[in-house]
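J.: Residue numbers (the working numbering), protein chains in the order written: chain A, 1 to 401; chain B, 402 to 558.
None of these hints come from the bench; they were simulated from the model. Do not take every clue at face value.
Derived DMTMM-like pairs: lysine to aspartate or glutamate, alpha-carbon spacing no greater than 20 Å straight-line [as the list claims (entries may be wrong)]:
1) B:K437 / A:E92
2) B:K437 / B:E456
3) B:K436 / A:E326
4) B:K415 / B:E543
Quick list of simulated restraints, FRET-style, between CB atoms [said to hold, decoys possible]:
5) A:L12 / B:L513: 48 to 58 Å
6) B:L513 / A:N131: 13 to 23 Å
7) B:L513 / A:F156: 42 to 52 Å
8) A:S35 / B:D521: 49 to 59 Å
9) A:G351 / B:K514: 45 to 55 Å
10) A:G223 / B:E515: 40 to 50 Å
11) A:E106 / B:L513: 29 to 39 Å
Model, not experiment: these values are computed from the prediction. Backbone N, C-alpha and C define an ideal beta-carbon position, used for all residues, glycine too.
If you want the building blocks of each chain, they are given just below.
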Amino acid sequence: MEGLPASVAKRLQAVTYSERAVAYLQVDKNLALVSAGGDLQNYGLATVGVGKPVLDEVFFLQGLLPLLESPYYVPAVELAGGRVADLHLHSEGEWIWVMLLDVTTERDAARRVQQNAYKMTLLQEQEALLNRRLEAANAALLVSQRELQASREALFRAHEKLQRELTEAASYVRSLLPAPMVDPFAADWRFVPSAALGGDAFGYHWIDAEHFAMYLLDVCGHGVGSCLLSIAVLHLLQAGALRDVDFRDPSQLLAALNDTYQMKSNDDLYFTLWYGVYQPVSRRLDYGCAGHPPAVLVNPDAGAVQLLKAKGLPIGMMPGVRYPSETLTVPRQRYLYLLSDGAFEVEHADGTMMTFDEFLAMIVGPASSDSSDLDRLYQTLIANRGSGALEDDFSIVRFAL
Amino acid sequence: MLGGFSVGKTSLVKRYVESIFSESYLTTVGVKIDKKVEQLPDRVVSLVLWDLAGEDDIGSLRMSYLRGSAGYVLVADGTRRSTLEVALALRERVEADYGAMPFVLLLNKSDLKEQWAINDAELEGFRQRGWWVRASSARTGEGVEDAFKDLAVRVTR
Chain A
1 MEGLPASVAK
11 RLQAVTYSER
21 AVAYLQVDKN
31 LALVSAGGDL
41 QNYGLATVGV
51 GKPVLDEVFF
61 LQGLLPLLES
71 PYYVPAVELA
81 GGRVADLHLH
91 SEGEWIWVML
101 LDVTTERDAA
111 RRVQQNAYKM
121 TLLQEQEALL
131 NRRLEAANAA
141 LLVSQRELQA
151 SREALFRAHE
161 KLQRELTEAA
171 SYVRSLLPAP
181 MVDPFAADWR
191 FVPSAALGGD
201 AFGYHWIDAE
211 HFAMYLLDVC
221 GHGVGSCLLS
231 IAVLHLLQAG
241 ALRDVDFRDP
251 SQLLAALNDT
261 YQMKSNDDLY
271 FTLWYGVYQP
281 VSRRLDYGCA
291 GHPPAVLVNP
301 DAGAVQLLKA
311 KGLPIGMMPG
321 VRYPSETLTV
331 PRQRYLYLLS
341 DGAFEVEHAD
351 GTMMTFDEFL
361 AMIVGPASSD
371 SSDLDRLYQT
381 LIANRGSGAL
391 EDDFSIVRFA
401 L
Chain B
402 MLGGFSVGKT
412 SLVKRYVESI
422 FSESYLTTVG
432 VKIDKKVEQL
442 PDRVVSLVLW
452 DLAGEDDIGS
462 LRMSYLRGSA
472 GYVLVADGTR
482 RSTLEVALAL
492 RERVEADYGA
502 MPFVLLLNKS
512 DLKEQWAIND
522 AELEGFRQRG
532 WWVRASSART
542 GEGVEDAFKD
552 LAVRVTR
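Using the sequences provided together with the hints, build the complete structure.
T.: Written as structure tokens, this is what we have:
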């Protein structure tokens with residue numbers, strides 16, 4: 001208070017005492033509490049026992065006493081009960097004095113400011129963390145996009161290559177098919193392979209001067225594997241390359257094919273086949289069928305059809321199967337259609353499947369030898385389906401007998 | 402209790418002394434003093450816990466608060482890597498001023514393990530230096546009791 005007028009010093013003392021809830025503890029060199037006074041109750045110290053060890057009475061002084069440095073100041077100490085005090089400790093003579101000044105209000109104000117500052121800092125930290133995670137996620141996404149793009153391009157190239165190969169395979173199959181003929185009777189066909197390339201193949205040729213073979217086969221599945229098998233069978237039929245088999249006998253031929261092409265040794269592939277042998281002079285037709293749709297004999301003038309069915313499992317499904325053949329004398333002015341299931345198993349635009357009878361209705365009726373009939377049939381099927389292509393190979397062969 | 406701000410020092414003391422946890426965050430200004438009597442197998446220890454205000458600015462730590470302390474709990478927030486660096490700097494400052502004394506390093510908020518920013522290899526490195534390191538959660542109580550008891554054993558050894 002040196003330098004202050006007595007009145008100011010006195011007033012300052014009064015203000016400090018009343019507003020700071022001043023309390024004190026007097027401690028001797030043995031750390032016993034000698035006296036205590038002021039607003040002790042404010043700090044929860046109203047019941048401290050004079051004469052007792054001060055560290056037992058005032059636990060927060062543990063570690064601070066004995067006093068190693070004087071004066072010693074510990075600011076903003078929150079005590080039990082929530083009050084906050086500045087602790088001022090000093091020694092004088094044989095006494096240690098502990099003064100407590102209440103700074104709860106100042107602490108609360110400081111805490112509000114500090115709290116806001118820390119919250120802001122935490123938010124900034126979280127924002128920075130989120131930004132880093134976002135950047136990392138973006139970088140990972142970018143890498144993934146690039147990888148995906150590369151995969152797409154590789155896939156596209158592979159798909160293009162496969163499509164080229166399928167197209168080449170289809171072209172090869174087409175090159176093996178016989179040319180349309182007009183004499184001594186007309187034969188014509190349409191072959192439209194599906195995008196995935198099916199296993200359809202067909203042919204006709206003279207076995208000898210009197211016997212004319214006609215056939216259409218369909219290997220199960222799609223793709224190059226099915227196509228290769230259909231080509232192999234086609235070659236075999238064209239070359240008559242089965243020892244000790246009379247190709248004029250459908251029953252014998254189908255049984256021999258079944259023995260040769262068991263699916264166990266052909267990558268689980270089997271095929272259906274309609275095979276007929278026609279003798280123009282006698283107009284006799286012998287035919288057999290291995291699980292294939294029947295050939296259709298059409299009387300265009302009467303608008304009538306006859307289905308040329310014969311019993312028999314698909315080739316390759318089971319060894320030792322018998323294929324009884326059927327015989328027919330073909331009346332004059334008839335059309336004989338050989339076809340694959342892809343020609344009539346067509347979905348309408350509304351999702352329903354076309355029936356075989358619906359298909360028959362398309363090929364029955366006045367027909368001419370005009371080859372555009374087969375084109376019209378194909379276009380009608382496409383129109384029925386409502387899209388630009390059929391799902392399966394479209395194969396149909398027509399003979400005007 | 403030493404560590405950066407908002408690492409959970411006050412919550413750890415509250416969990417240890419009062420067995421409660423509050424979700425609300427109230428920053429500490431100055432120091433909060435609590436006491437807990439710990440029953441050890443062979444003796445009773447009175448722990449006076451000084452919960453110091455968290456400071457990221459190491460220079461602003463009032464070293465007067467540490468006078469007379471027998472040991473300390475160093476706390477970092479496992480989800481905030483920067484708080485581990487603050488804790489390590491505080492340890493250096495304490496050792497420079499008061500010499501080596503028992504301490505335990507707590508990686509707090511282990512209940513948020515999916516957001517963890519400190520890897521196990523790093524903690525193993527501290528353990529190999531002879532430090533007592535433990536994951537803790539004031540929210541669940543994981544590791545809290547053990548940490549204070551262990552420190553009580555070591556400061557009274």
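J.: For every hint, state whether the structure bears it out.
T.: Results of checking the hints against the structure:
1. B:K437 / A:E92: Roughly 33 Å separates the two Cα atoms, so the pair is violated.
2. B:K437 / B:E456: The hint is violated at about 25 Å.
3. B:K436 / A:E326: violated, 109 Å
4. B:K415 / B:E543: Given that 20 Å is the threshold and the Cα spacing comes to 14 Å, the pair holds.
5. A:L12 / B:L513: 48 to 58 Å: holds, 51 Å
6. B:L513 / A:N131: 13 to 23 Å: Given about 19 Å between the Cβ atoms, the range holds.
7. B:L513 / A:F156: 42 to 52 Å: holds, 45 Å
8. A:S35 / B:D521: 49 to 59 Å: Given about 57 Å between the Cβ atoms, the range holds.
9. A:G351 / B:K514: 45 to 55 Å: holds, 53 Å
10. A:G223 / B:E515: 40 to 50 Å: With Cβ atoms ~48 Å apart, the hint holds.
11. A:E106 / B:L513: 29 to 39 Å: The hint (29 to 39 Å, Cβ to Cβ) holds, given that E106 (chain A) and L513 (chain B) are roughly 34 Å apart.
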